[in-house]
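2 protein chains.
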Amino acid sequence: MKTLLRGIQLNGKPTNILINGNRFESVNAPDNAYANTAIECHRYAILPAFYNAHNHAAMTILRGYADDMPLQTWLEDHIWPKERAMGRAEVYEGSVMAINEMISSGTVFFNDMYFSMSRTATAVREAGIRAAIGVTYMDSYSDKMKASKEERICNWMEDQDSMIQITAAPHAVYTVSGENLQKLYRLARDHGRRFHIHVSETRKEVEDCMKAFGMTPVRYLDKLGVLGPDVIAAHCVHVDREEWDILAERGVTVVHCPCSNMKLGSGRFPYEMAIESGVRVTLGTDGCSSNNNLDMREEMKFAALLAKLNGDTSLLSAPEVLKWATVNGAEAFGIDAGVIADGKLADAIIVDLASPRMRPCYNLISNWVYAADSSCIRMVLCNGKIILDKRS
Amino acid sequence: MKTLLRGIQLNGKPTNILINGNRFESVNAPDNAYANTAIECHRYAILPAFYNAHNHAAMTILRGYADDMPLQTWLEDHIWPKERAMGRAEVYEGSVMAINEMISSGTVFFNDMYFSMSRTATAVREAGIRAAIGVTYMDSYSDKMKASKEERICNWMEDQDSMIQITAAPHAVYTVSGENLQKLYRLARDHGRRFHIHVSETRKEVEDCMKAFGMTPVRYLDKLGVLGPDVIAAHCVHVDREEWDILAERGVTVVHCPCSNMKLGSGRFPYEMAIESGVRVTLGTDGCSSNNNLDMREEMKFAALLAKLNGDTSLLSAPEVLKWATVNGAEAFGIDAGVIADGKLADAIIVDLASPRMRPCYNLISNWVYAADSSCIRMVLCNGKIILDKRS
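Protein chains in written order, with this note's numbering: chain A, 1 to 392; chain B, 1 to 392.
Note that these hints are calculated values from the structure, not bench results. We put the beta carbon where it would ideally sit given N, CA and C, even for glycine. Among the clues, some could well be false.
Every beta carbon over 10 Å from chain B, so not counted as near; a handful from chain A, in silico [claimed, not checked]:
hint: 1; residue: ARG63
hint: 2; residue: SER142
hint: 3; residue: ALA304
Stretches of chain B that chain A covers, calculated by requiring three or more beta carbons in the stretch to come under 8 Å of a beta carbon on chain A [claimed, not checked]:
hint: 4; segment: 38-51
hint: 5; segment: 110-124
hint: 6; segment: 272-285
hint: 7; segment: 291-299
hint: 8; segment: 349-360
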């Protein structure tokens, strides 16, 4: 099955892009290239799709349920009681809502951590997008639950297609013991799974870790031997210079979630040190309760502007933050995508250059990061299939 | 001419809204109310439209022309040379682009400061929206130009309709002498014009003012006697507690421009002091070169999240920031609008509750501020007329 995108703009020039099955066969195909379907794209430009590296998708069902209050009130009096009342049906419904919203804003993959994850996996399969489904783990679970989680890390969905991967997802250093972190890390490594964990999100987490273990979370995780190239560390707001070097040396992937960090008052991500360390940074929206959307385009603008807030107006340029949101995310999860190039998996966003926000177009990437919104999107492709089509 | 919006959600309840001419006649009309046109709105909710209180609309033609570089390089090597090459045609074209984008994102009024403003005024009239057109003034202008500017403050468009108002717009304390500021303030006051000026946008502006006049910009303007209820002070990033009290006491309107302040590295607006002082705060996008769009919905989210960054997660709630972007802006410019209520001017945004970003809908205002984008907008009304209609 071949699709030809005729006359579409790529890197500022019109070209013909030929998709064969789930990959780009050529991003410079001849006008008379054979295809089952040819789509006129002269008014459109193609950009890489988004890979959302930290999410709790089902929480979309709590969008707008509680906002603008102190963190502990928000969690203890509102979010946790509501979550306790959520069952498998609500997780499915919330995941469907999340995936609809993600597709409408150009996201084709998300890295998730929640409960009843088989329901989220079903929603992912039905929509035809990609995901990393976390097997969430806390010490407070029953022994039976913990055993079942360990079993899932080893064997769950091992034999299925390539659109869903399973991760070990211990919640954080304050909810999972060092011993259990080490056990899960071993299981994950032995079964080729990534290891997804919240790290140094708040100042309190760092202070509590210092009290409990005499060192900061990154140093503690490193001492446990659970930092490596398959680790996905979400947030990393309160990380010092030496810790950035540790993360970079171990090959850890860091997920920056600017909207969530701002809305929950966690603080400004240390862009300067993160970039200087050379660590791989990706972008995530976190869950809808602390954002309250799953829009990676908006997340890029928040990151690029928050980086500049204190005066360094060259810090985190539009092309750099686009890399965080696209190819860095794909690479972190072993997805051979994130750039529009021959042989790569055919994931992409197609935008309308006639949208009011895209004009004039001196610089497509600047317009995409700083000026656009989801109203500029006309098509979204995932794994060679058109999963959103809003051409009129 | 009467229009009935049938079954539309207002404050969480379905109602019938009757528009008569340019005003809301009733926001609780009977089902059988007579109207020339009745629109089925059961899937929609109505919200106040946006009043963008600080803009340089024509700069939209420079969107994406230069980004991510040090401030002085950006201004001196890129923006200024390009602006010097702009003529009246480019100002018109940029203004048309800006107005198209503003309408598509729900803005019905903007307060502008630029040059060749008669071309911007033409674009405003053609689109049927509202604007305050600034007569921009700098000491560096020729004497002839200055005389013509003063003449315009006194007499320009005085006899025309109510959609456009003229303001005196001295650029800033570092480009206009104290004597000229006083002269323009007198002219503005004598002719019922507002007085629009940049104030304390950067730390450098404050330091230079201290050096030149021995006091900070707000104190200096107050000493000159040019602070009053018709003054619109854009930015006010570097304003101390005593200055906030001065601004509040004089009845000055402050325009907060979060995206511009972040992108240009100007710093974080002192939300705590501004709110505590009781001053009227409005929102503005600033020009496209430092944003790079004119989207007041996005601006609300940036303000509400930047307020919370340092830990106070209750600071600047969704309803508060919506007020800044709507009724506060309308009031500051004497426009009898900004709330959906009987007798008010019929300016409004109509959103689709079925949009992926609007679901679920525990709290419409939270969804609008934190989750929506312009893709949720189905209609925009200005002065009783539908100026955008994207119903499908």
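Evaluation of the provided hints:
1. Distance to chain B contradicts ARG63 of chain A as a non-interface residue, since its nearest Cβ pair spans about 6 Å, not more than 10 Å.
2. Every CB of chain B is more than 10 Å from the CB of SER142 of chain A (nearest about 31 Å), matching its label as outside the interface.
3. Listed as a non-interface residue, ALA304 of chain A fails to keep its Cβ farther than 10 Å from every Cβ of chain B; the least gap is roughly 8 Å.
4. With a cut-off of 8 Å between beta carbons, the segment 38-51 of chain B has 0 residues touching chain A; three or more are needed, and the interface restraint is violated.
5. With 0 residues bearing a CB less than 8 Å from a CB of chain A, the segment 110-124 of chain B misses the requirement of three and the coverage assertion fails.
6. For the segment 272-285 of chain B, the stated coverage by chain A is violated: 0 residues have a C-beta nearer than 8 Å to a C-beta of that chain, whereas at least 3 were required.
7. Remark: the segment 291-299 of chain B is confirmed as covered by chain A, as 5 of its residues place a Cβ nearer than 8 Å to a Cβ of that chain, reaching the required three.
8. Only residues whose C-beta sits within less than 8 Å of a C-beta in chain A count toward coverage, and the segment 349-360 of chain B has 4 of them, enough to reach three; the restraint holds.
Figure legend: structure checked against the earlier numbered hints; hints not met, in rising order: 1, 3, 4, 5 and 6.
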